[in-house]
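Chains as they are written, first to last, in our numbering: chain A, 159 to 546; chain B, 838 to 1372; chain C, 234 to 486.
No wet-lab data here; the hints were simulated from the structure.
Please note that the accuracy of each hint is not assured.
Within a straight-line C-alpha distance of at most 20 Å, the following computed PhoX-like cross-link-like pairs (lysine-lysine) qualify [claimed, not checked]:
1) C/K294 / B/K1357
2) B/K982 / B/K926
3) B/K1357 / C/K296
4) A/K352 / A/K480
5) C/K431 / C/K455
6) C/K407 / C/K435
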Amino acid sequence: MTPHMLTRSLDRGATIFLLVVAAIGVLIPLSNLLLPAGSVLQVPTYLVALWGKYVCYAILALAIDLIWGYCGILSLGHGAFFALGGYAMGMYLMRQIGTRGVYGNPILPDFMVFLNYSKLPWYWYGFDMFWFAALMVLVVPGLLAFCFGWLAFRSRVTGVYLSIITQAMTYALLLAFFRNDFGFGGNNGLTDFKDILGLNVQAEGTRAALFALSCLALIVGFLICRAIVSSKLGKVLIAVRDAESRTRFLGYRVESYKLFVFTVSACMAGVAGALYVPQVGIINPSEFAPGNSIEAVIWVAVGGRGTLVGAALGAVVVNYAKTFFTSGMLAPYWLFMLGALFILVTLLLPKGIVGTFNAWWDQSKEKRAAASTSAAAEDGVTQPKMAE
Amino acid sequence: MPTNLSARLCTFVLSLFLIAFALPAFAGPFEDAVAKFANDDFSDTEEAIAAVASSGNKLAFPIISALQDGRLMADSDSKKVYVTGADGKSIDAATGEAVASVPDSASAVRLNNRLRRSVDAALGSLTLQSPDVGTRLQAAQSVFKSHEETALEPVDAALAKETNKSVKTALGEARAAILLFKSDATEVEKLEAVATLRARGDQEAMALLTGMGDQPASVTKAAASAISSIQSSLAVWSTVQNAWYGLSLGSVLLLAAIGLAITFGVMGVINMAHGEMVMIGAYTTFVVQEVIRTRYPGLFDYSLLIAVPLAFLVAGAIGVLIERSIIRFLYGRPLETLLATWGLSLVLQQAVRTMFGPTNREVGNPSWMSGAFELGQITITYNRLWILVFTLAVFAILLAMLRYTALGLEMRAVTQNRRMAASMGIATSRVDALTFGLGSGIAGIAGVALSQIDNVSPNLGQSYIIDSFMVVVFGGVGNLWGTLVGAFTLGIANKFLEPVAGAVLGKIAILVLIILFIQKRPRGLFALKGRAVEA
Amino acid sequence: MNVMDTRATSAMLYLDGVHVSFDGFHAINNLSLTLEPGEMRAIIGPNGAGKTTMMDIITGKTKPDEGTVLFDGVTDLTRLDETRIAELGIGRKFQKPTVFESQTVQDNLLLALNVDHSVRGTLFWRGSKAESERIDKVLETIRLTEARNRLAGSLSHGQKQWLEIGMLLAQDPKLLLVDEPVAGMTDVETHLTAELLKEINKTHTVMVVEHDMTFVRELGVKVTCLHEGTVLAEGTIDQVSSNERVIEVYLGR
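Model the full assembly from the supplied sequences, consistent with the hints where possible.
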């Protein structure tokens, strides 16, 4: 990232957001590790893991906002990229178990011994090395998104058609990963992790470090998104979103732009999944369920699509609400609330929390500007219309 | 001298009857034979089986079948043998008289594998001449399976008397099976047997031909040719079978997708809660059956006929409500519609879960929908057949409705040019609501049919929504015929892939193929072209 | 026909025997038309005459069933897609003004500039003085300098039409296709638009589709009348408007 891109990316909202995330990323782990347990300010370890999960969801939401909010691509299959990143990390963690598994096989994970695998399938090679697994976290989702996008965007599959086939994609993967002979643990997925980079995944220190790392990933992901949307490329993306064929007639190769952001977005989702798995301790095929992907879209809608900050905020708010309601006696009503959220946000708050706030802020700013330069007030100045 | 002849015939028949009824009266060979069961010796038992089976006594069948089921009790001290019935009542095997109880010292007559075969064969020949056609047919088939040499005589005897065509065929096949394995059968007999089996042409005939052991060269050759002939005919039948399964699956897909073809295809509304409309239809069926069970049990066979209009009304009314309260604010924003209706689907699922519980509810098949019949080498179940018929009927009615009714005309007008339709005095918002209601109502009807073959649970709709969208998108949006072709193509493709790739992989393959297909033809099989597409 | 090294025609745009049909409806029927470099041509014709479909064919949105479409004498347009055709230097203004409503006037022009259009180029783009000068110049030409920081969606209908013409100018194509530029404009705006197009025509080849006869008359260029997807008459506005067949088509039989 060149300096001019960085300065261009950082408007006031972005800077505030980054500072807040950085503060959380430093303060929560420190409070967890340094303050004595039971102190009012001490954040208990289970909360660190829980909030770490939210931060991962925020990264996924950013990835969705980048393509939906700015380029108009509504993917209902982003959970698939998230899960693939998660599986890549899970495979590394499985191989770190070594002889500590129930069957004590130094090479084969427990489920393979259980399913009578004679040797490690070829696609598990290399996952004993962290660098390779980390690379696959980016490459596997990125490659799938690239191939899928290359086919879809070149044939100009757009709008709801694209949404439906992305949903079919994640559904197909769901069915595949449920199969035992697919080599990813079938129904149960991958779990019982022990170490990550030689550190116990259950240890407080590791959890705190993973949390800080997730915040760092959120910061980096946010900066990448901002750099993209504040560049001229970002303007092209918005142009594609608002008037795709006009953009084409101006000589832009629309499919390349879509392919670029779709792939970047899938890689981000993969990273989110990879950070998610060691913090929750399991990855299984249910992560591919179409419902998960759609739920992630609603986080973005709640926060405000096309705002990035809103997406991250929406992910945290909705998931906090989910934890709050599903753990209490209101649990049976959570689906009512989630469903109502989908309906109400699309009907009443189409710009989301941050989008609505921005519109209000701009309006009042304009009013103030108009008041100070009343002489310049002329007819025909209408309020700027926000993007749909 | 005709009079004399008929008199002699009468005497003969009479004496036959006399013998038949008089026999048990004498303490003769039959009773001796029965007593041998009490010797607890396998070779004595075998003799007893043969003697009883060939006795012609009317107790022969109950005795042998009791022996097979372990219900033949013998007391080795008193040499008395008893048949205990399934209802707990017992009779004396030798006399047929009822006894109060079987003595404690009696124990079940033991069998070994060799004896079991004899029992099967004896039973087979005993029932070969039963007055009931079904029993005779079954007997012939069991002889065919066991092909014991001892059954040859009874089969020949039965064959001579048999008048029913299908039983006769079965007897002929049983005879062929016996001859094929009979070491001293002539070559000509064996060749005839092979020909008979070849004509039968099913899996079992092929199993007999492949497992017949050493035979004269000409027979081996004939058998080889028969096997290959059967194999190819079996391949044809398995294709027919797959095609039938495919049609059946296609009809289910079509049923689930027709409603969607209206809301998505005609109105352009993405209704993710479509599956829940199907589910509501299924639960309507459940409620109807509950009411019938508790109040009017006699009407059970009509439960589906009552449920169909009710499901249409319930789901349709909910559809209109949804359109008026949510969808109409989102026209022209397909992606938002998608999200809102998904939310709606969560609410509806949870509502049903709260009302009816999270587990499967039992929906029964009326008598006319249960059972199956054979067609050549394949079995067709009535429920699948009725669903296919029902689906095609719904499709035809819908098509006729769109073409010939005022609402259909208005719907088409609004679809093609909303502004023009509005300016010509069509109340477009009313048409929108009714169209959406129609689509939802049809989904409800689909639910009635699907309740017959699927679990009725709150998740019922979820399992159909992706498939339904695939069908509509594959067939081409806005084209009902496309939906029809799409549904049957996908159904048949799926069932032909299944034996090759397995059910799950087959489904994955279909999904991947559709994804690739949409990229080649983004607007489906039957795409609309020109200006209409842009609007 | 070998069009690789020799110019098949000196024309800027050459259409010959073009056919296209949608589901049996012949939208374009044996259409032949030639546009010389530097020429401005007005296309008139009743609704459904195939004017917009013709533009779709030239810009690669619709593929003809048969016929030749050559650009600049050498390039077969029927084999290229919209992006490639735009890169070659054919710009298009749509019938319904299509600007990027949620972006500022200035950004609309920036997007239209014929500079590096690759993903890489736009990602690492940083403005240059030459670029901003060009944008300033276009803004002045289309009289939107004052409104440069306003969102395009907040412009009046006439201003949007101009912004779209301005985007064409920024694109600086060899051939401009302008579809109904004065629809919904006031008389004054119509007049100014005619002046603007004449100005543009000094350096570009232009094809204008328009219903407004006063405007066409004011342009004072050769007119082609289309009907049912084929050329009905061609000549000056007076010749064409006195053509009996044209009168018949416009007034009905």
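Going down the list of hints, with the structure as the test:
With a CA separation close to 17 Å, the supplied pair C/K294 and B/K1357 stays within the 20 Å bound. In summary, the hint linking B/K982 to B/K926 is not supported, as the alpha carbons are separated by about 32 Å, beyond the 20 Å threshold. The suggested pairing of B/K1357 with C/K296 holds, with an alpha-carbon distance near 16 Å, which does not exceed 20 Å. Annotation: proposed proximity of A/K352 to A/K480 is violated, straight-line Cα distance about 28 Å (limit 20 Å).
Proximity of C/K431 to C/K455 is assessed by CA-CA distance (about 13 Å); at most 20 Å being required, the pair is judged to hold. With a C-alpha separation of about 12 Å, the suggested pair C/K407 and C/K435 falls inside the 20 Å cut-off, and the hint holds.
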